[in-house]
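Engineer: Spelled out from the first residue to the last, the chains are:
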Amino acid sequence: MKKTLNQKAWFMVLPVLLLVAFSAIIPLMTVVNYSVQDTFGNNEFFWVGLEWFEEILHSERMHDALSRQAMFTAIILLIEIPLGIFVALHMPKNKGFWSSLCLVLVALPLLIPWNVVGTIWQVFGRVDIGLLGHSLASLGIDYNYTQNSTAAWFTIIIMDVWHWTSLVVLLCYAGLQSIPDAYYQAAKIDQASRWNVFRHIQLPKIKGVLLIAILLRFMDSFMIYTEPFVLTGGGPGNATTFLSIDLVKMAIGQFDLGPAAAFSLMYFLGILLVSYVFYTLMVNSEGQGS
Amino acid sequence: MAKITLSNLAHSYSKTPASPSDFALKTIDHIWEDGSAYALLGPSGCGKSTLLNIISGLLAPSQGKVLFDDNDVTSASTSERNIAQVFQFPVVYDTMTVRQNLAFPLKNRKLGAAYIDSRVNDVANMIGMQDFLNDKASGLTADAKQKISLGRGIVREDVNAILFDEPLTVIDPQMKWELRTQLKALHQQLGHTMIYVTHDQTEALTFADKVVVMSEGEVVQVGTPTELFERPAHTFVGFFIGSPGMNVLPVTVVGSKAMIGNHEIQLNSTYEQLSGTIEMGIRPEYIKLSNEPSGLAIKIDRVEDVGHHKIVRTRHALDDQSLGINVIVKEGLEITDDMQYLVFEREKINVYADKWLQDGKAAI
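Chains as they are written, first to last, in our numbering: chain R, 1 to 290; chain L, 1001 to 1364.
A few of these clues could be false.
To be verified - Okay, the calculated beta carbon distance ranges per label pair:
no., chain 1, residue 1, chain 2, residue 2, range
1, R, Lys93, L, Gly1276, 45 to 53 Å
2, R, Lys93, L, Thr1095, 15 to 23 Å
3, R, Leu17, L, Thr1097, 45 to 53 Å
4, L, Asp1200, R, Leu17, 51 to 59 Å
Derived by calculation from the structure, the hints in this document are not laboratory data. By construction, the Cβ of each residue, glycine as well, lies at the ideal position given by its N, Cα and C atoms.
Please build the complete structure, drawing on both the sequences and the hints.
Structural biologist: Rendered as structure tokens:
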């Protein structure tokens, strides 16, 4: 049978094409546009090629921001993932009042707008009126997140753990709920230790959701902006200036649109790359499981 | 190995059981003899899994005691009871190889490496998995996984009993036969007390020395497959075992005569003063189609040919209702239009009062 040639189908794709163009491609292309040009104002641009990219790659300021960022992400992943698993393991297993209560309490921090989270902790940590700051100060600890960079880091990490561990908990809890009882019963009969139950039953069964949790936490923490911006504004000094805070400083504070555009493109591609690696890992491990 | 005694045992999932219907398991007194193979047979929701979990110690009974030999183990944990259980769905440790899976219960009990090694090899031979010992358990088929579960059950030599909770549900029909035969052979070889829960009568009858039939939380009969077939103690057993099940017909019994409406049937035994709802049970295998008007008049609804025999669905008009009666006819016997009567085999007729079997005196 001979197929009739019909080009009408292209019209069907058109709405999606337009939508994607306006929402993603065109804005992204303006960034690309900026990243390869320079301007001295008056809306006059001239071509500079890859100079901005080179400059950013060799800029010490960016290296510092990147290492702060990597450090931050590593720390919160190291805290939130084990803590999230731990909490999920200890939540009530059976459906009922207590498990519902736990779920609601755990989910609460996730429902708070991010700038509000920043504000809450800003007040909470204040030495004069904040519960945390005042308590620490009255214990004789020198705590002031606006002047001391260790205190600032401490506050931001605790804030992020408070805000986002819940996500890990919820995902792990859902994963744990899907394990049939027979596995636990068999483990009892085999006299498996608590650790073995975790290692050979629970962990393999929640591996899928756990990878999603790690991926989400990696992406979000690597792009973190609002909470530290509200809390410390990147300070004291540059102590908590993470990549996205630095990016905004560069683009809007200094109006260096060229380097900022080059920077954001590399930032974007970096996160995309890591996420892609994670995704591949995830799909492969699911394939093994079934 | 041990004798298991259930004494005055009952269980309710509700904390404050008010009526008998709150009990998943009504009062049971039963002894599982050492080294026998039992099947626990009943429809879904009859309490057989509850009973099994009480024996294995995964569930604490609301009332009564569980004894292993003479030790009260009612409050003992699963591992203290030293039993093995194989579940409905294969439970394997995905992270381990087949060998590690089989060795796991022994390792946790801190047995010597040399012993574990030889024992695992033996068990792998028994379940036919010796060629897969070093494979990852996660990549295996459902029946191979169930074999591993089974292997983990029998790997400990000193277990008091091995419990099976519908272990062949997820297995393909052909593999079912193979595994079941293997189980039976293992029982003969090992001599463990085995309790096998199932809702499949073929499975129960082929596996067990004795079948325990349960209905609505009660044990209604314990017997050999033949006893269950020939003398069902309760009409439920008659219905549940056999395909199709026993025909149960409302009758009035006077002495050694049973009446279905106006039709009189001579019985082998004499019954005196029966009270309650009286019924007569007769298996389809023991009814003949006949063209002699002395039999019970019926009409044939339809004939189902299932290969090695035919199931004839018939109907007898009684007053304003009609009684369905199933008859099994051997393949090869031709069913003619004039076959409008049924003849019952006298000695195979059972009489029930309020659904329970009645013993009569031998009629002279």
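Engineer: Each hint needs a verdict: does it hold in this structure or not?
Structural biologist: Here is what the structure says about each hint:
1. The hinted window of 45 to 53 Å between Lys93 (chain R) and Gly1276 (chain L) holds, with their beta carbons roughly 47 Å apart.
2. Between Lys93 (chain R) and Thr1095 (chain L) the beta carbon distance is about 22 Å. The supplied range of 15 to 23 Å therefore holds.
3. A C-beta distance of roughly 51 Å is found between Leu17 (chain R) and Thr1097 (chain L), which places it inside the suggested range of 45 to 53 Å.
4. The hinted range of 51 to 59 Å is satisfied by Asp1200 (chain L) and Leu17 (chain R), whose Cβ atoms lie roughly 58 Å apart.
The earlier numbered hints are all upheld by this structure, with none contradicted.
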